[in-house]
Amino acid sequence: MTQTSARGVPMRDDRWRPQDELLNSVIDKCIDEAYRTAADGKGGSPVMVAGALVLAVLGLIIGFGTGDPLLAAGIAVALGLAGFAFTAVSTPSVQLNKLSVLDPIGGPGNLPAGYLVYPKAWEAGMREYVAPITDQQFRLAVRLCREHPGSVSDVIRLVKRAEKHAAQHSGGGVVTEHDAFKVASRWTSEHARNSPTMVMQVAAR
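Going by the UniProt record's numbering, the first residue of the sequence shown is number 1, and it counts up by one from there.
Everything labelled a hint here was simulated from the structure, so no lab data went into it. Bear in mind the structure is a predicted one, so any value in this text is a computation, not a measurement. Heads up, some of the hints might be wrong.
Said to hold, decoys possible - Dumping the calculated DMTMM-like pairs for lysine to aspartate or glutamate here, alpha-carbon to alpha-carbon at most 20 angstroms:
#1 Lys-120 / Asp-32
#2 Lys-120 / Asp-103
#3 Lys-160 / Glu-177
#4 Lys-182 / Glu-147
#5 Lys-164 / Asp-154
#6 Lys-160 / Glu-190
#7 Lys-160 / Asp-135
#8 Lys-120 / Asp-20
#9 Lys-98 / Asp-28
#10 Lys-98 / Asp-40
#11 Lys-98 / Glu-123
#12 Lys-182 / Asp-14
#13 Lys-164 / Glu-128
#14 Lys-120 / Asp-14
#15 Lys-164 / Glu-177
#16 Lys-120 / Glu-21
#17 Lys-182 / Asp-154
#18 Lys-164 / Asp-179
#19 Lys-164 / Glu-123
#20 Lys-160 / Glu-123
#21 Lys-98 / Glu-33
#22 Lys-29 / Asp-135
#23 Lys-182 / Asp-135
#24 Lys-160 / Asp-179
#25 Lys-182 / Asp-13
#26 Lys-29 / Asp-40
#27 Lys-120 / Glu-33
#28 Lys-98 / Asp-32
#29 Lys-29 / Asp-103
#30 Lys-120 / Asp-28
#31 Lys-29 / Asp-14
#32 Lys-98 / Glu-128
Given these sequences and hints, build the entire structure.
In structure tokens, the structure reads:
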């Protein structure tokens, strides 16, 4: 059974979070750019310009009709404020495809495994990315993410393989989360020995 929108940002038992300032900054920029692009795509700016032109014409018409430029300007300003207030209330919230936010850097799955527990990554599609996996797979990935030298997608694939491996060697018995973790942890340690530099960097964060 999978878990979707109810799944929140996980917290490891050791409270560890990744502290790569450069990558964190890149994620922030991706989020800002995605929301800016989505907002621009709603056509808000052209509508505001068109509204301003209409008010300017309306002001001229009222000015000629009443012979009082100040009255015309006052009416135009009042209408403008009312229009802006209506626009602010009636404009729907920006619709954003969260899974596309980190496309410039390969998507959520391409982040280092430790970013599975990074809150800003969850604002940038991580929630949606991990939605298809089971709760057990999710918990195992969180437990392993600090030590795993690969990406988020790598640690998830490893967990799935570990579950399958444990089931194949269970002799027909029930495979527990502990059984799967033993296999996944051993494999993670083997991967780590082949990537000592990356593991030292992750452990230092």
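Verification of the supplied hints:
1. Lys-120 / Asp-32: Holds - the C-alpha atoms of Asp-32 and Lys-120 are around 11 angstroms apart, at most 20 angstroms.
2. Lys-120 / Asp-103: holds, 15 angstroms
3. Lys-160 / Glu-177: holds, 12 angstroms
4. Lys-182 / Glu-147: Given that 20 angstroms is the threshold and the Cα spacing comes to 14 angstroms, the pair holds.
5. Lys-164 / Asp-154: holds, 16 angstroms
6. Lys-160 / Glu-190: With Cα atoms ~17 angstroms apart, Lys-160 and Glu-190 stay inside 20 angstroms; holds.
7. Lys-160 / Asp-135: holds, 12 angstroms
8. Lys-120 / Asp-20: Holds: Lys-120 and Asp-20 sit about 12 angstroms apart, inside 20 angstroms.
9. Lys-98 / Asp-28: Holds - the C-alpha atoms of Asp-28 and Lys-98 are around 13 angstroms apart, at most 20 angstroms.
10. Lys-98 / Asp-40: Judged against 20 angstroms, a Cα distance of about 16 angstroms means the pair holds.
11. Lys-98 / Glu-123: The given pair, whose Cα atoms are some 7 angstroms apart, holds under the 20 angstroms limit.
12. Lys-182 / Asp-14: Within the cut-off at roughly 19 angstroms; holds.
13. Lys-164 / Glu-128: violated, 24 angstroms
14. Lys-120 / Asp-14: The hint holds at about 19 angstroms.
15. Lys-164 / Glu-177: The hint holds at about 12 angstroms.
16. Lys-120 / Glu-21: holds, 12 angstroms
17. Lys-182 / Asp-154: Holds, at roughly 17 angstroms.
18. Lys-164 / Asp-179: holds, 11 angstroms
19. Lys-164 / Glu-123: Answer violated: Lys-164 to Glu-123 is near 31 angstroms, above 20 angstroms.
20. Lys-160 / Glu-123: Violated: Lys-160 and Glu-123 sit about 25 angstroms apart, past 20 angstroms.
21. Lys-98 / Glu-33: Within the cut-off at roughly 12 angstroms; holds.
22. Lys-29 / Asp-135: Roughly 30 angstroms separates the two Cα atoms, so the pair is violated.
23. Lys-182 / Asp-135: holds, 17 angstroms
24. Lys-160 / Asp-179: Roughly 12 angstroms between the alpha carbons, so the hint for Lys-160 and Asp-179 holds.
25. Lys-182 / Asp-13: Within the cut-off at roughly 17 angstroms; holds.
26. Lys-29 / Asp-40: Holds, because 16 angstroms separates the two Cα atoms, which is no more than 20 angstroms.
27. Lys-120 / Glu-33: holds, 14 angstroms
28. Lys-98 / Asp-32: holds, 12 angstroms
29. Lys-29 / Asp-103: holds, 12 angstroms
30. Lys-120 / Asp-28: holds, 7 angstroms
31. Lys-29 / Asp-14: violated, 28 angstroms
32. Lys-98 / Glu-128: holds, 7 angstroms
Hints 13, 19, 20, 22 and 31 from the earlier list are contradicted by this structure; the remaining hints agree with it.
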